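> Listed in order, the protein sequences are those of chains A and B. Quick note on numbering: our numbering labels position 283 of the first sequence as 283, and the sequence is numbered without any gaps. Quick note on numbering: our numbering labels position 6 of the second sequence as 6, and the sequence is numbered without any gaps.
The reader is advised that the hints may include incorrect statements.
Which copy is meant is left open, so a pair is good if it fits within one copy or across any two.
Claimed, not checked - With a cut-off of at most 30 Å between alpha-carbon atoms, the simulated DSS-like pairs for lysine-lysine come out as follows:
| # | residue 1 | residue 2 |
| --- | --- | --- |
| 1 | 348 | 496 |
| 2 | 142 | 192 |
| 3 | 69 | 297 |
| 4 | 360 | 544 |
| 5 | 388 | 449 |
| 6 | 297 | 370 |
| 7 | 142 | 127 |
| 8 | 544 | 423 |
| 9 | 251 | 142 |
| 10 | 125 | 142 |
| 11 | 69 | 299 |
| 12 | 121 | 192 |
| 13 | 125 | 146 |
| 14 | 348 | 243 |
| 15 | 325 | 168 |
| 16 | 146 | 121 |
| 17 | 369 | 299 |
| 18 | 69 | 168 |
| 19 | 449 | 540 |
| 20 | 192 | 297 |
| 21 | 142 | 121 |
| 22 | 360 | 335 |
| 23 | 168 | 388 |
| 24 | 360 | 121 |
| 25 | 492 | 359 |
| 26 | 69 | 515 |
Simulated from the structure, these hints should not be mistaken for laboratory data. Computed from a predicted structure; not experimentally measured.
There are 2 protein chains.
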Amino acid sequence: MEEVQEQSKNALKKAQKQAKAAAAKAEKATNVPIVGGKGQKKDDSKEIIGITVSKEGHFAQWYQDVVIKAELVEYYHEISGFYILRPGAMYIWNEIRAWFQERIAAMGVEETSFPMFLSSKSLEKEKEHVEGFAPELAWVTKAGDKDLEIPVAVRPTSEAVMYPYYAKWIRSHRDLPLRLNQWNSVVRWEAKQTTPFLRAREFLWQEGHTAHLTEQLAETEVLQILDLYAGVYEQLLAVPVVKGRKTEAEKFAGGYWTSTCEGYIPTNGRGIQGATSHALGQNFSKMFEITVEDHDKNKVHVWQNSWGLSTRVIGVMVMIHGDDKGLVLPPRVSKYQAILIPVGLTAKMSAEDKAAHMKKVDGLYDDLKKAGVRSHVDDREGYTPGFKFADWELKGVPLRLEFGPKDAANSVVSYARRDTGAKGTIPIAGLATEVPKLLDTIQSDMYNKADEAYKSHRLVLTDWDKVVPALDARNVVLIPFCEVEACEDRIKELTKSENVEVGPDGQKMPSMGMKSLCIPFDQPEGLVKGETKCLMPECKALAKSWTMFGRSY
Amino acid sequence: MEEVQEQSKNALKKAQKQAKAAAAKAEKATNVPIVGGKGQKKDDSKEIIGITVSKEGHFAQWYQDVVIKAELVEYYHEISGFYILRPGAMYIWNEIRAWFQERIAAMGVEETSFPMFLSSKSLEKEKEHVEGFAPELAWVTKAGDKDLEIPVAVRPTSEAVMYPYYAKWIRSHRDLPLRLNQWNSVVRWEAKQTTPFLRAREFLWQEGHTAHLTEQLAETEVLQILDLYAGVYEQLLAVPVVKGRKTEAEKFAGGYWTSTCEGYIPTNGRGIQGATSHALGQNFSKMFEITVEDHDKNKVHVWQNSWGLSTRVIGVMVMIHGDDKGLVLPPRVSKYQAILIPVGLTAKMSAEDKAAHMKKVDGLYDDLKKAGVRSHVDDREGYTPGFKFADWELKGVPLRLEFGPKDAANSVVSYARRDTGAKGTIPIAGLATEVPKLLDTIQSDMYNKADEAYKSHRLVLTDWDKVVPALDARNVVLIPFCEVEACEDRIKELTKSENVEVGPDGQKMPSMGMKSLCIPFDQPEGLVKGETKCLMPECKALAKSWTMFGRSY
């Protein structure tokens with residue numbers, strides 16, 4: 001959460017304290033430790049501690065509850081600010097990785113793996129860049145019991161690790177474009193409050209680093225990659241984004257200009273940066289002496305880009321789609337798209353009848369598998385169907401298929417959608433065609449719902465007095481803006497607001513000011529060049545663009 | 001290179017010094033920097049500095065030459081002992097990763113991602129384990145400009161990172177087996193000489209960590225994984241291995257027993273550990289209190305395994321298959337299986353004729369693509385066919401296809417195999433069937449050649465006096481052995497040998513003693529239990545097994 005103001009930080013702390021108290025209370029009630037520790041009671045039954053707070057009323061606590069109880073992450077108690085990504089999260093990340101990897105490989109991007117450590121000498125070559133990252137660097141100063149002669153930092157990003165080698169490898173325009181990408185983790189030892197996925201001291205990402213002969217070639221790629229990032233959000237995660245350019249105040253440290261896709265969290269009305277694709281221009285190539293001779297034998301500094309997408313995407317998806325029952329996963333990234341649960345198997349039924357019924361269930365599973373549906377039969381003994389329903393709802397599986405003796409008699413399967421709760425039946429004969437169709441519908445309905453929420457809370461304003469009330473009503477706003485950094489700082493000051501946001505305790509509390517999210521590529525009508533003024537009341541300058549502002553992570 | 005003796009270390013250093021001198025000489029001759037640096041001359045032509053030393057005569061230097069000039073790695077000059085993996089290496093690693101990942105997923109292994117840092121508290125829980133890794137730990141002591149309250153180490157392996165959470169997550173026998181794997185990099189700050197792929201201070205690997213209810217279930221998995229590791233070597237990399245068990249002296253620190261697959265480098269007759277799959281027994285589960293109640297409500301410490309395969313595999317493959325022209329890649333892991341080079345396009349030919357010929361080349365490419373052959377047309381302007389031949393030979397592409405006007409007139413494509421140099425022609429009409437067949441033949445011929453070399457240098461000996469001469473003649477040996485650690489130490493002493501190995505300067509120099517490689521699962525005949533003595537002359541004990549010994553990495 002960038003730019004979290006002190007007040008809201010305190011509010012967060014308060015909320016977390018309360019969450020902890022609530023967890024302790026629940027732990028007492030159930031006698032099952034929620035927060036791990038030694039000496040916990042081992043119990044042969046498996047409890048579900050469902051989500052204990054509402055998304056609307058206690059959003060921060062709800063989020064922490066969901067990511068832990070749906071088994072996406074585990075807190076790493078040994079070192080604060082670090083999280084364990086569990087198989088549920090890694091499945092989603094790997095789906096994203098495969099989708100993105102296929103597309104960048106087709107563009108000619110090759111994979112590489114540079115060391116995780118960075119010498120201070122390389123780091124210091126680009127002044128703005130080093131200043132941006134220095135406060136968060138983790139320094140290795142010892143190996144075994146010996147002090148290192150020269151300490152090394154764990155990479156927070158790899159520009160300074162990689163570009164000395166770009167200088168070496170790029171000798172002629174024939175070596176361009178050079179496009180390399182790596183999938184790794186980076187470390188930024190944040191002093192700010194950490195949150196699973198959104199801000200962690202170590203996170204997984206991909207970082208692409210490319211070099212081109214001309215500004216135009218570089219720019220084309222920046223936008224191609226941004227489209228892929230938007231594709232990850234919109235096509236895979238059913239999350240709408242607004243594509244645009246960052247203001248000078250918000251661009252990448254040491255870069256030329258930054259393109260971004262920006263998301264929106266309806267529950268608290270905040271904007272959230274989705275992923276950024278940076279045009280670095282010739283800034284780094286000048287510092288690292290990355291030059292070629294062009295076709296006319298002129299010495300040219302190459303044009304560079306860098307672009308990264310991190311596991312943050314998972315957090316955004318959880319925040320947007322989740323509900324009071326837990327996680328809600330879009331079918332495209334869900335390990336199990338349909339969970340098949342045998343029901344109505346009473347104690348009176350013979351073992352033979354039960355076995356015959358389970359054989360039918362297996363047949364349904366086979367039909368789904370052939371139809372390309374990732375499904376799973378929950379045949380765990382000793383758990384009630386109700387328990388299983390709640391368990392898979394918590395974990396977000398998009399479609400529940402129930403099959404009991406009555407369904408069998410009617411040659412149907414009963415279903416329940418995770419996103420809407422809607423229920424119905426599907427004829428067994430139509431399972432292989434209807435289930436994929438239903439999953440497509442769920443995917444697009446989830447997107448459309450989120451898109452509707454974003455669109456209806458993206459207000460185009462030309463009256464300054466409406467800005468703060470709009471923010472308080474959970475909107476982001478598009479306003480005429482001069483794009484000047486000092487003006488942006490002042491806007492942040494002016495839009496802090498007292499006693500507006502409802503905290504987890506039901507009380508009102510102060511709220512952060514708004515910052516610029518992006519200058520959308522898709523500009524609203526109505527801004528007259530040379531005429532329309534910047535909306536900030538103290539600013540005398542002309543507006544350069546409609547800029548999207550919001551309270552944000 | 002584990003257990004490198006001081007003498008051979010010095011020899012290595014000498015070889016490296018000589019390699020450096022040779023590189024400097026070559027640099028002078030060609031005016032192209034081989035070792036990178038600033039201020040290098042930018043030149044519009046692209047030189048190939050071929051391999052300048054022979055594999056047989058200067059193996060260590062040859063290896064470094066190949067991995068760098070074939071663009072698998074780049075030295076990371078900023079911090080010693082670290083290497084950059086370039087796209088050529090990452091392609092191979094990703095092929096291996098995909099093959100292995102598919103198979104462990106089918107076994108039910110799920111993916112996870114734990115933090116890269118380790119608290120000293122967790123590390124110290126297992127005494128043997130911490131002693132094994134402590135000298136190589138990299139310690140982060142500072143974040144930004146602040147000292148950390150408690151320093152954290154970068155993981156050298158993740159047992160101590162993960163197992164506190166196994167204790168938390170495993171509550172009942174229903175939670176077993178728990179099988180998690182992660183693909184990451186680990187850091188071991190080696191004091192020993194580093195070598196690309198074989199020993200680096202940071203390397204990529206996968207580490208699997210699993211927990212089972214019984215010893216038998218755990219053991220079954222240990223061996224399943226070992227088979228997959230052998231599959232990576234034998235099926236993908238065309239490298240034969242011997243599967244077996246490590247002796248007590250060589251097993252994993254803190255483990256129960258270790259299974260391994262062991263390779264062999266014909267050029268210097270050394271054994272090399274391929275990959276290990278460890279049965280940890282209940283040692284870690286006792287230290288980390290990982291217990292369940294079994295079906296009879298008894299408290300049981302779980303049985304654990306850990307298993308890892310690293311980028312070392314690439315180094316072994318390079319050493320075995322490479323030759324004086326450079327890398328030789330098995331078709332299964334080569335990015336380009338066939339390189340298609342237009343030839344015979346003389347200056348006299350009209351632009352029209354050239355274009356018509358290139359269109360035919362593109363047609364051949366399409367045919368190959370449809371047949372599932374990964375191929376590439378080298379249509380670079382300004383390079384002679386001879387230059388291109390040498391370039392792709394250096395990079396190890398298994399099959400070269402040449403196509404000139406004469407080939408076109410005869411409706412054939414000319415080919416040259418990288419592994420044997422054999423040449424011939426293929427009718428264009430048969431390209432789609434013949435090329436895949438030829439690639440299969442290359443793959444199996446490469447394996448068979450290496451297998452033959454290994455088999456003929458794996459001597460079963462019952463006469464101690466023949467051991468050292470066998471080693472000097474580049475063999476590994478199978479001898480009756482008592483399996484006692486002290487005896488193994490003594491064997492290492494006794495088999496050091498003076499003035500036998502031919503160094504890169506053509507001089508004789510001292511050589512290391514042999515150590516145990518494994519106790520092969522496939523035991524030779526002839527060992528009589530209770531009768532056959534350990535072969536070590538000073539040892540009075542009975543032999544427990546035929547154990548494979550060798551000088552080794």
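> Against each hint, give a clear statement of whether it holds in the structure.
Here is what the structure says about each hint:
Taking the shortest Cα distances, residue 348 and residue 496 never come within 30 Å of each other, neither inside one copy (65 Å) nor across copies (77 Å). For the identical chains of this complex, residue 142 and residue 192 are neighbours both inside a copy (26 Å) and across copies (17 Å), given an alpha-carbon limit of 30 Å. For the identical chains of this complex, residue 69 and residue 297 are inter-copy neighbours only, at 27 Å across copies versus 62 Å inside a copy, given an alpha-carbon limit of 30 Å. Taking identical chains as interchangeable, the C-alpha atoms of residue 360 and residue 544 are never at most 30 Å apart, the minima being 65 Å within one chain and 54 Å between chains.
Within a single copy, residue 388 and residue 449 get their C-alpha atoms as close as 27 Å, which meets the 30 Å cut-off; across copies the closest is 56 Å, which misses it. In this assembly of identical chains, the alpha carbons of residue 297 and residue 370 never lie at most 30 Å apart, being 59 Å within a copy and 41 Å across copies at closest. Taking identical chains as interchangeable, the C-alpha atoms of residue 142 and residue 127 lie at most 30 Å apart whether they share a chain (27 Å) or sit on different chains (21 Å). Taking the shortest alpha-carbon separations for residue 544 and residue 423, neither the intra-copy value of 51 Å nor the inter-copy value of 67 Å comes in at or below 30 Å.
In this homomeric assembly, residue 251 and residue 142 come within 30 Å of each other (Cα to Cα) only across copies, at 28 Å, whereas the closest approach inside a single copy is 35 Å. Taking the shortest alpha-carbon separations for residue 125 and residue 142, both the intra-copy value of 24 Å and the inter-copy value of 21 Å come in at or below 30 Å. Within a single copy, residue 69 and residue 299 get their C-alpha atoms only as close as 58 Å, which misses the 30 Å cut-off; across copies the closest is 26 Å, which meets it. Taking the shortest Cα distances, residue 121 and residue 192 sit within 30 Å of each other both inside one copy (27 Å) and across copies (25 Å).
Taking CA atoms no more than 30 Å apart as the test, residue 125 paired with residue 146 passes in both settings, with 28 Å inside one copy and 23 Å between copies. Neither within a single protomer nor between protomers do residue 348 and residue 243 lie at most 30 Å apart by alpha-carbon distance, with minima of 60 Å and 53 Å respectively. In this assembly of identical chains, residue 325 and residue 168 lie within 30 Å of each other by CA distance solely across copies; the values are 24 Å between and 55 Å within a copy. Taking the shortest Cα distances, residue 146 and residue 121 sit within 30 Å of each other both inside one copy (21 Å) and across copies (20 Å).
In the homo-oligomer, the alpha carbons of residue 369 and residue 299 never lie at most 30 Å apart, since the shortest distance is 58 Å inside one protomer and 39 Å across protomers. For a Cα distance limit of 30 Å, the shortest separation of residue 69 from residue 168 across copies, 14 Å, qualifies, whereas the shortest one inside one copy, 49 Å, does not. When the C-alpha separation of residue 449 and residue 540 is checked against a cutoff of 30 Å, the pair qualifies neither within a copy, at 40 Å, nor between copies, at 80 Å. Taking CA atoms no more than 30 Å apart as the test, residue 192 paired with residue 297 passes in neither setting, with 49 Å inside one copy and 46 Å between copies.
Proximity of residue 142 to residue 121 under the C-alpha cut-off of 30 Å is found in both arrangements, the shortest distances being 18 Å within a copy and 18 Å between copies. In this assembly of identical chains, residue 360 and residue 335 lie within 30 Å of each other by CA distance solely inside one copy; the values are 23 Å within and 45 Å between copies. Within a single copy, residue 168 and residue 388 get their C-alpha atoms only as close as 58 Å, which misses the 30 Å cut-off; across copies the closest is 22 Å, which meets it. For a Cα distance limit of 30 Å, the shortest separation of residue 360 from residue 121 qualifies neither inside one copy, at 67 Å, nor across copies, at 52 Å.
In the homo-oligomer, the alpha carbons of residue 492 and residue 359 never lie at most 30 Å apart, since the shortest distance is 63 Å inside one protomer and 61 Å across protomers. Proximity of residue 69 and residue 515 under a CA criterion of 30 Å is satisfied in neither setting, with 33 Å inside one chain copy and 50 Å between copies.
Violated hints for the displayed structure, listed by number in ascending order: 1, 4, 6, 8, 14, 17, 19, 20, 24, 25 and 26.
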